[in-house]
Amino acid sequence: VERARRGDPEAFEAIVADRIDAVYRLTLAIVGNEADAADATQETFIAAWRQVRALRDPARLEAWLARIAVNAARMTVRGRGRRALREIHEVSSGGEGALGSIPDASLDRAQRADDDARRLAAALDRLEPDHRAILAMRHLEGKGIPEIAAALGIRQGTAKSRLFAARKALLAALEAEGRR
Amino acid sequence: MTGSRGEEWDDRRLDAAFQGRFDRPAPLYLRERIVQDVATSRAAPPLLRTFRVAARTAITAIAIFVAVLATMSINGIGPTLSPRASSSASSTRFPTTPPLIGTVGAPFPSSIRPSGSDATYAVLSVPDAMAIRDRGVDSREIAVAGWYVPPPPIACLSLGADALWGCPNAYTWLLGSPDLRIQAPLGPPNGPAIQPVTKWVPASTARLPIPVVFVGHFDDARAASCPAAERRQCQDRFVVDTVGWDLVASLADFPVEIDGLPVISVSGAILDRETDLSGELAIAGWFQASPRLFCPFVAQVAVPFMEGGCEIRGTWLMETPESIMKVTSIGVSGGPPAGPAINPVFPTVAPPADRPQPIQGGSIPTKVIMIGHFNDRRASLCSREAPQVCLGRFVVDAVPWVEGAERVLPERTDAREQATPAPFDPVTRIREAAGNLGAVLNVAAVSGAELIRIEPEFDLVALHESIRGSFWIVTGAIYGPAIPMAGTFVVDEQGAVFLPFGTHFELIGFPGPSPGQT
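Those protein sequence lines, which keep their order, are chains A and B.
First residue of the first sequence? That's 1 in this note's numbering, and the numbers climb one at a time after it.
First residue of the second sequence? That's 1001 in this note's numbering, and the numbers climb one at a time after it.
Mixed in with the good hints there might be a few duds.
Label-pair distances were calculated between CB atoms; the ranges are [unchecked claim]:
1. Gln156(A) with Arg1453(B): 27 to 35 Å
2. Pro1027(B) with Glu128(A): 25 to 33 Å
3. Arg155(A) with Glu1403(B): 24 to 32 Å
Calculated from the structure, these hints are not laboratory results.
Backbone N, C-alpha and C fix where the C-beta goes; we use that ideal spot for every residue, glycine too.
So here's chain B without its partners, still in its complex pose (with noise of 0.2 Å):
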């Protein structure tokens, strides 16, 4: 091997500049950083598998506790804890207003709508909300997130939910991160957190830290009356006006896995996104089809169903079920919604149905689960949008649950307009070249011009003479040494081709079947 001035560049000499060059430990802080991201991170959706898991373990811990907390209450040993009972006794004062705009990742939204409000709250994160807290006197309504950890069933004896001091609300809080290690609620907890005043009753079982948003205000008037002890105590607790958001809520009803795919929120698939892999999603959330609409001058382009119509933008997939198009007597009218959510595109399946519309007040989204990817190859054809918009596209490659009905995959669908059955079984014909297939996902029967329009790059790499006749469109999912990997089969009678989705596969070809077989 020759490189410069005619050197020799064998693969000892490469080895060794690779080594001298590379061959670095990672920084000390990393690995601290990469941890401490890794328990942020907790809350993202398996975490609620890990939820079920832990959840026996905890509350066998939290049953002892109770026990012991019990007999502390009855023999008159109040809690001493107040939410900053981990930072200094005196009041902190911030010389600036934190400004009132999204500072949480997910599972969180950044922004929310809460029903019957038309108030859109930017939502905090519980240090900053600690901030305004310790600001002084301070009782806007603020939207926070965090991980509720729900009062124990222990007996108070003359303080209801209703004070804002003592007995229950001492041992309620909502925590920065998902803490699991944490004593709540004996408390403090390790990191920052607050203490709420709420009723609210979780739709979970288990007494394990619950991802939530609430909406409300410290400095309640009520703390007026508290003894004078206690005033300050009762200043800081965070009264709760309305439950904005709950992730067991928004994802209850769903099942936890299906076709071998976690099932994740909308916020959880939006983080997967950006990490640009190009793995199946089975993502549960609202689905709102859009109104149908005028769309002029929409240019020719490689990949309809991914940039052509203005239909796509007012297509969307969201985190919780929002309301996001009023049908008045004038028209309809709407916007995108406030909290997190993705615009899906359906390639070769068909859209879930939506539910009647009312005739008029605010359209209801339908409660789906759908397989797809994000990061699909077919994106660098896209025109008229830059690329990065199509990337971000969920395309769907099915609909396996509308509304509590499982629907059995692969669904089936003939898009041509002469239909004529096929004279071998796509499904069966996969299955046998692609050995190790995960699951099917849908099987369409097209017409050569419908491929072109869903597979462009089929006529540049296609192993056929022709595209004049028809074709089965398998989606099929290979689970493979890592992610699982999807795309499309192309199949007829003279073989098939594999055009994997992501953009770091390519193409595989397999053989037609041997003599005789069908």
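Chain A extracted, bound-state conformation (with noise of 0.2 Å):
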């Protein structure tokens, strides 16, 4: 990190290598398809790469990344505005055919666990950018409060807060899609 600092773009290099996929993750969670994602991970390191000299504790770089990455996931939902694009996701065929190997209860946990990302995607979509963006950092990422916090810019009681009101709005959005 302090060579990226120092402005050795190599260095910066080995950052995007190690973190793209997280960085990748968390803004396909928020912006919900993976053209805008991939934009959108693309728009953070270039960001990153711009701003790295800002980044004055190198320990707290994932945190820096993860700022970068909501901001820039933030402004392409923004910037999306009209255009609805919505990802059409397979749909199992339910057949015999090839899953007919396979023992029920394996099936039925495949195919409930299926069920269940296909609605938390739907729920998501109905979700503010910032709602997203927390609880994708709690479920996705695995970070606890602190972490979240410090990603975001905001202190850790807000962090709480905002984390109980995004689950809120997820269980009544996954009610709602349950409901179609």
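Two chains, two separate frames, one set of hints: put the complex together.
As structure tokens, this is what we get:
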């Protein structure tokens, strides 16, 4: 990180290699589709490269990148405006074919997990980007309150109340999706 | 936690659903795309420091090459490189004329108006210039942006710099991207490049690629007198008529860093603005205040310093010292700058004093560094103009450097009608409350009414019962875990409130002084 701060592009490329999957996952959870997630990931690293000198504490790289990623993803969602882009999910055939040999219990579990994932994506679509961000940090990245607070630049008490509000909104959205 | 149809959505189930939906690796192409973008972003303002860090290494390497080159020249082994060395030998024909529109990004201006010229040029990238060159005979004057690699100090036997072919122009390059790993001047470069013919000597002594815009032409008439074998090479040389813009010169004489912030150019700041980050920036440029204008029909607005009055749109911080107003016997005329520029606004600090303007002739801008930020939270309150326009305003928090003179921060101003001394030191109060404060940029004493004009949200969130008294506004930057966060501390005898400028932060209240403390 120190080398990157001094403007060494190769050092920064190593950071990209190390963190690209995590940033992509986080932005994907916020923007909801792969094309926008790729754009937001790219914008995150370009912004990070331009701002890396502002990173005063190299130990906070992860939180700093997450913060830029959340901003980039929020901008992407904001910029999307009227463009209603929704990914088309693969739908299981439900037929005998290839799935025929899998035991029923495993099949049930797999189908339920798949169903949950699709419902979650649809429910997240109804939430504000800020809610999606905090939920993704918690449930996708497994971050604790102090890490979330650091990444969002807010106090821990605020992070806690925002997470509570986001989960409440998610539940309501899941319920609405369930009724469809 | 209960969700749809009375189902339990506990943490484990949510975790699994998130993982199942979003735990995917980034696409393979993405990393390559980012690395390429990083490579082409190297000339962003911080690169100037990279130049300095890398200069010693590069100069050592170049010195070795120069020794080899000198030996080659003395032995009559001339360079055989041509601008098309990395492309096909035959001329590529493009079916259509490339449009002459600005095709470059930062740090270059998209258009330039060279000093002493009335013509404005769209600035082209090196690949676009190569497309014009390769279309056939075309000696139009064009502006091309790139990274200039001057020739090494080698002994050229008989040909001078005016000669279109041979030494030393064969070792002179204008690169399409700032690849520090190229072996120039031995070249050819890895990426797109053209070969300029110029006597220009850059201000920087480091022999590293320098961001520059050359105005010139291909297919110079002198190519006809080149030896037949070299004629094609001569036609392809880009004869430079004038240097339209030069990053090193544009930032020369500015300090590299001020008050803990790296000093960046206006075009670099514009890029930062696009990322929606709300950190503090120190921007070097040329300031031109608006002439006094009469603005009728100014509606009542919530944030007057951002959208009140027509003079905001005529006030500029420019990348280059453009003369944007002309004073004649019948009045003042002018327009926006041709190059990169931003509109600064000054809620709590005084704008830098204008240079004395000529009674007749072009305006002369003032060379300044301004500390401030884009994407200010208060833009959401803008009404008359779109909030997006207000987000793009550069809110100035301090002017630490004017015409080479550094000012001591924090600057103090008193905007009250009846100034009375503060019963406490607001800066000390803030430092006690905020702990790890980064920099205090300015201190302003204001009345309650003025406070509401500067911080319109304050009446909604204030911890105070009355806004009729005096307040001290301290603009400070807190160096948090990531980007420096700046905002207004509103201080009175009872305590302090910090209202960060960024759109993604929230109010922080600080307790008042302990008993007995003043």
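The hints, checked one at a time:
no.: 1; hint: Gln156(A) with Arg1453(B): 27 to 35 Å; result: holds (34 Å)
no.: 2; hint: Pro1027(B) with Glu128(A): 25 to 33 Å; result: holds (27 Å)
no.: 3; hint: Arg155(A) with Glu1403(B): 24 to 32 Å; result: violated (42 Å)
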